[in-house]
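Asker: The whole structure should be built from the sequences, with the hints applied where relevant.
In case you want the letters, here they are:
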Amino acid sequence: MLGVWMVYPAVYTIIRSFFGQTGFIGTWVGIDNYKTLFTTHTLLTAIKNNAIWVAVVPAFVTALGLIFAVLTERVRWAVVFKTFVFLPMAISAFATGVTWRIMYQQDPSVGAINALSKTVAGVFSPAGVLSSASPSTPSLQATSSGAMVLKTATHPGGIVLLGLTGIAPDQVPKSATQAVAPAAKPGDVVGTVWRDFKPGGGKAGVVEKQELGLPGVTVQLKDASGKTVQSTKSKPDGTFDFAKIPQGTYNAAIGAQTFAKPFGGFSWLGSKLITPSLLIAYIWIWAGFSMVVIGAGLAAMPRDVLEAARTDGATELQVFRRVTVPLLAPVLSVVFVTMIINVLKVFDIVFALAPESTQANANVIALAMYRTAFQGGQNFGVGSAIAVFLFLLVIPVLALNIRRFKRDV
Amino acid sequence: MAAAAPAIEIVPDPRDTTAAKILRAVAKTPLNIFLIVIGALWLVPTIGLFITSILPASALAGKGWWQVFSKPSLATWSNYDALFHNHGLITALKTTAYIAVGNTLLVVVLGAMAGYAFAWLEFPGRDWAFIGVIALLVVPLQMALIPMFRVYDKLHLYDTWYGIALFHVAFGLPFAIFLLRNFFVGLPKDILESARIDGASEIKIFLRLILPLGLPAIASLAIFQFLWTWNDLLVALTFGQNTTPITVWIAGQLREFGTSIDIIAPASFISLVVPLAVFFAFQRYFVQGLLAGSVK
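Line by line, the protein sequences are chains A and B.
Here the first sequence stands for residues 8 to 416, where the numbers follow the working numbering.
Here the second sequence stands for residues 77 to 372, where the numbers follow the working numbering.
Careful, some of the hints might be misleading.
[Unchecked claim] Derived DSS-like pairs (lysine-lysine); straight-line CA-CA distance at most 30 Å:
#, chain 1, residue 1, chain 2, residue 2
1, B, Lys230, A, Lys352
2, B, Lys230, A, Lys125
3, A, Lys125, A, Lys158
[Claimed, not checked] Sample of chain B residues with no beta-carbon within 12 Å of chain A, all distances over it, derived:
#, residue
4, Ser149
5, Trp153
6, His161
[What the hints assert, rightly or not] Counterexamples of contact, computed for chain A against chain B with all Cβ distances above 10 Å:
#, residue
7, Ser116
8, Pro243
9, Leu313
10, Ala321
These are calculated hints, taken from the structure and not from any lab test.
Here the structure is a predicted model, which means the values were calculated and not measured.
Note that beta-carbon positions come from the ideal geometry of N, C-alpha and C, so glycine has one too.
Answerer: Set out below in structure tokens:
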């Protein structure tokens, strides 16, 4: 039975990897399939991504497991904590994929992670007071950076009028009062930023009765080269004053932060973030495994050595670094090596978590093999070559683990 | 394999007054808070899946699952009701059960017999055969997908639950033999010798002695193999088309993730209830199997 299902296929796959695309054996193509493997963009992405997985996951999983195992030794409810962290291990990688896809939804009102990110983002870069505003006259123009610049140049002693529309009544800051047209001051550039709209419409570009000033708006004065020479905030009536401006030609502008859009959520499942997203979900699964294995190693550790070190006056951190970690080294390396193997063969979670549109960006070797051989192209030649490549990658690591396992038993 | 924790003797501490206890508890507060946060972090995604599964699709359009905390009345079992009348899901669950139970039984029986033979019977080429089994441990199953795709077609095993189960048996056996042989070798030799002298047949020894003594290892193996195949996606995806276990059935709905969420979420939750139950019922064996499974 092992002969039929394993020996024959393994030999066949190795041979098959030197033949063409279709048929039982196809035509001899030599090492062309391997050339394809290392030159095709999508397959190279898979290899590159898998390299990232190998570089990140084993280290994180081992470190987290070690930290959790050591810390839980000090609390009474360790069993509860361990059960929580270990739970994902029992769940299939596939169901985990579905679970995290729900967590990663982009709309902050649907995806929990973006909802959290939005709360945090709200603290550090709040949405602008006037995120939906637009200029009331064509001379005020939006720039690519999100700021709005008044194209009509001004000089010291000049007046700039920055009218905005498209602001819903409930968006106008509470402290706003009737807008006031500024009076010119020699040596200063003065102006008003206001809601250039009143019930019935009003005249664009003119400060009128019932039109409100916009307080707290960041206004900037830029010189001919576009450099900001002065920046200030508007008063409740919308007026502002750039004091003591040297002779020259200037443009007034409203800072980009005024118009900052509310946080729209990170695209966790998009082409750029998909691999980090997968890594997080995968580490979430395997941290429990690492914690339990390392915990078992910790429990078997001679207590008197630790006690002796403490009696000698070592701090907890020193005990951890100088005694615990070196003594645990064999267990840590078992976890590390096991994770390398798991990560090399990772498939289910990528298949389940990455939407079809970004699967090519999230590609890993095992998924590339499946996609090449059984989806779309049905290219058994290249598919076999990928399988052999994976086999070659796994052998040395697995051999190491088996040897260790035999020694332990 | 890591040994079990040695029993630690608890010596009453003379400083164990109430005040000392409170002081220690206060000193540990940051650690406790840290661990509570981490524990919650680990639990939230699963809770999120469960809550999503009990919300109607209309409530999930444009809103997150946590709305249930402000509006608990939204929760409903109607998604599950609908699913249990869904012919496709019921069939998929049955298929999963057939595959997982069938292949686990075969792996355990064949693995135990072969493990016994490798451990305690003398036959020519035994050691070489065992080395061969170990060598097979390193073959990733991706190596067999393409050739077996053809073979299954010829043997009419393609798209059958037993075809998928047999594939799992083949890839489960080397590990099973390896694990059980190593466990059986460690059993006390004199018990076996005296049984043989008493004239017990090999079959009797196997059934009466080896199986009961080897139970811990066999249980770990069975649980591990069961979960591994219950959760499998790749093999079933490759060798099934209409015969699909639950994972593949859900995968078929993923294309419409947003609109089918009221099917995907509860179905995923159903698929993980069985592993969770197994996990809680046999936690000890599960962990052991996992420790041993590190070589796979």
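Asker: Hints first: check each against the structure and report whether it holds.
Answerer: Results of checking the hints against the structure:
1. B/Lys230 / A/Lys352: Between lysine 230 of chain B and lysine 352 of chain A the Cα gap is close to 28 Å, so the pair holds against 30 Å.
2. B/Lys230 / A/Lys125: violated, 56 Å
3. A/Lys125 / A/Lys158: Not satisfied, since the Cα-Cα distance of roughly 35 Å exceeds 30 Å.
4. Ser149: holds, 20 Å
5. Trp153: Its Cβ never comes within 12 Å of chain A, the nearest being 19 Å, so this holds.
6. His161: Since the minimum Cβ distance to chain A is about 21 Å, histidine 161 of chain B lies beyond 12 Å and the statement holds.
7. Ser116: violated, 6 Å
8. Pro243: holds, 36 Å
9. Leu313: holds, 12 Å
10. Ala321: holds, 18 Å
Hint compliance for this structure: hints 2, 3 and 7 are broken, all remaining hints hold.
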